[in-house]
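J.: Input sequences plus hints: build the corresponding full structure.
There are 2 protein chains.
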Amino acid sequence: MILEQVDEEGAAGLVAPPANFGMVDAGVYRSGFPDAASLGFLRGLRLRSVVYLCPEPYPEANAAFLEAEGIRLFQFGIERTKLQDPYVSIPVDAIVGALRVLLDVRNHPVLIHCKRGKHRTGCLVGCFRKLQNWCLSSVFEEYHRYAAGKSRLSDLRFIESFDVTCLRDCMLRLIYRYHDCLQKSKRLQYDVR
Amino acid sequence: MILEQVDEEGAAGLVAPPANFGMVDAGVYRSGFPDAASLGFLRGLRLRSVVYLCPEPYPEANAAFLEAEGIRLFQFGIERTKLQDPYVSIPVDAIVGALRVLLDVRNHPVLIHCKRGKHRTGCLVGCFRKLQNWCLSSVFEEYHRYAAGKSRLSDLRFIESFDVTCLRDCMLRLIYRYHDCLQKSKRLQYDVR
Numbered sequence: 001m002i003l004e005q006v007d008e009e010g011a012a013g014l015v016a017p018p019a020n021f022g023m024v025d026a027g028v029y030r031s032g033f034p035d036a037a038s039l040g041f042l043r044g045l046r047l048r049s050v051v052y053l054c055p056e057p058y059p060e061a062n063a064a065f066l067e068a069e070g071i072r073l074f075q076f077g078i079e080r081t082k083l084q085d086p087y088v089s090i091p092v093d094a095i096v097g098a099l100r101v102l103l104d105v106r107n108h109p110v111l112i113h114c115k116r117g118k119h120r121t122g123c124l125v126g127c128f129r130k131l132q133n134w135c136l137s138s139v140f141e142e143y144h145r146y147a148a149g150k151s152r153l154s155d156l157r158f159i160e161s162f163d164v165t166c167l168r169d170c171m172l173r174l175i176y177r178y179h180d181c182l183q184k185s186k187r188l189q190y191d192v193r
Numbered sequence: 001m002i003l004e005q006v007d008e009e010g011a012a013g014l015v016a017p018p019a020n021f022g023m024v025d026a027g028v029y030r031s032g033f034p035d036a037a038s039l040g041f042l043r044g045l046r047l048r049s050v051v052y053l054c055p056e057p058y059p060e061a062n063a064a065f066l067e068a069e070g071i072r073l074f075q076f077g078i079e080r081t082k083l084q085d086p087y088v089s090i091p092v093d094a095i096v097g098a099l100r101v102l103l104d105v106r107n108h109p110v111l112i113h114c115k116r117g118k119h120r121t122g123c124l125v126g127c128f129r130k131l132q133n134w135c136l137s138s139v140f141e142e143y144h145r146y147a148a149g150k151s152r153l154s155d156l157r158f159i160e161s162f163d164v165t166c167l168r169d170c171m172l173r174l175i176y177r178y179h180d181c182l183q184k185s186k187r188l189q190y191d192v193r
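Chains as they are written, first to last, in our numbering: chain A, 1 to 193; chain B, 1 to 193.
Keep in mind that the hints were calculated from the coordinates and are not lab data.
Just to be clear, a hint being listed does not mean it is correct.
Pulled a few chain A residues facing chain B out of the computed Cβ check, cut under 8 Å [as the list claims (entries may be wrong)]:
id, residue
1, VAL15
2, ASP25
3, CYS135
4, ALA147
Everything numeric in this text was worked out from a predicted model, so none of it was measured.
All residues carry an ideal CB built from backbone N, CA and C; glycine is no exception.
T.: What follows is the structure, encoded as structure tokens:
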């Protein structure tokens with residue numbers, strides 16, 4: 001990717017990633033809401049899908065970009081948590097649904113974003129890390145880094161209490177399907193020869 | 001990688017990434033100094049090299065880990081910048097040397113680290129982003145995120161003034177060598193058939 005970007009952009013054209021942009025894992029990115037200036041950068045990522053975590057409809061300019069690039073939008077509308085109500089809860093179903101999208105490599109490369117890339121995105125990535133067996137202190141450290149001084153206790157509680165066992169089955173099914181895919185493509189190769 | 005980790009670690013064993021760990025790009029990671037608890041996590045990354053940015057010798061336990069895993073150590077000793085002296089300068093040669101290692105995909109996956117993963121690592125990643133044509137405001141945003149409230153003006157000045165043109169030639173040579181490698185391996189494949 002590094003070499004490709006230089007190849008495409010040349011020395012002159014600067015690129016502007018969306019605010020709070022970061023790489024979560026191979027094929028998984030996170031950010032705040034992508035503005036018009038960042039669409040050129042996103043084009044370079046050759047995204048296959050976007051996981052959008054706000055309930056508001058996707059703005060027209062962004063939707064047009066996705067359509068032009070053939071990027072699939074998965075929307076899981078999560079209301080903005082209120083700072084004054086630390087006990088408001090993130091809907092577990094939305095996070096589970098979004099995790100299913102993230103776990104399926106056929107959706108990669110995928111960009112997760114909400115409004116600021118801090119709280120809703122932070123919760124989803126935190127649960128994703130739990131699935132990757134990260135210890136909670138490391139999960140929280142990463143959450144704090146992207147929350148940039150705006151960490152919310154309710155988010156940390158949500159991540160801590162999120163039960164990943166419900167998704168283990170989903171992961172195992174995906175692993176089997178993935179292995180099956182690999183075997184099929186191998187068989188196809190043998191057939192050709 | 002996601003599926004492999006789950007496969008290896010199972011549901012029980014938690015992993016602890018080093019402090020301030022993050023993914024810079026495909027095959028490029030950054031962190032603070034890896035402690036004993038994080039070596040299991042690093043094993044999962046299947047690193048091929050480490051770029052170490054402190055002048056102190058590599059601790060025995062970490063060196064033994066690298067040897068056992070067949071990971072190559074590239075050390076570029078950069079003295080810790082002093083907060084009270086904002087005009088102390090990072091050695092350009094060390095950053096250029098480290099960037100050459102990062103740009104060569106034969107060294108990937110690679111982990112960059114210093115002591116806290118904030119200042120020296122932040123400067124190197126900042127220069128790497130300039131090579132990727134990131135606009136300066138995005139480069140600084142990322143620097144601040146990992147510096148976690150300990151940003152240093154001298155680092156920001158260094159990144160801003162770092163001239164990437166000296167490395168463009170190096171990148172082009174690498175692109176050619178890489179293409180050449182690809183062609184050679186293709187030829188080898190044809191020979192075998």
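J.: A separate judgement is required for each hint: does it hold in the structure or not?
T.: So, going through the hints one by one against the coordinates:
1. VAL15: Interface hint status for VAL15 of chain A: holds (5 Å vs cutoff 8 Å).
2. ASP25: Interface hint status for ASP25 of chain A: holds (6 Å vs cutoff 8 Å).
3. CYS135: 4 Å, holds
4. ALA147: Result: violated, 10 Å to nearest chain B Cβ.
The structure shown violates just one earlier hint, number 4.
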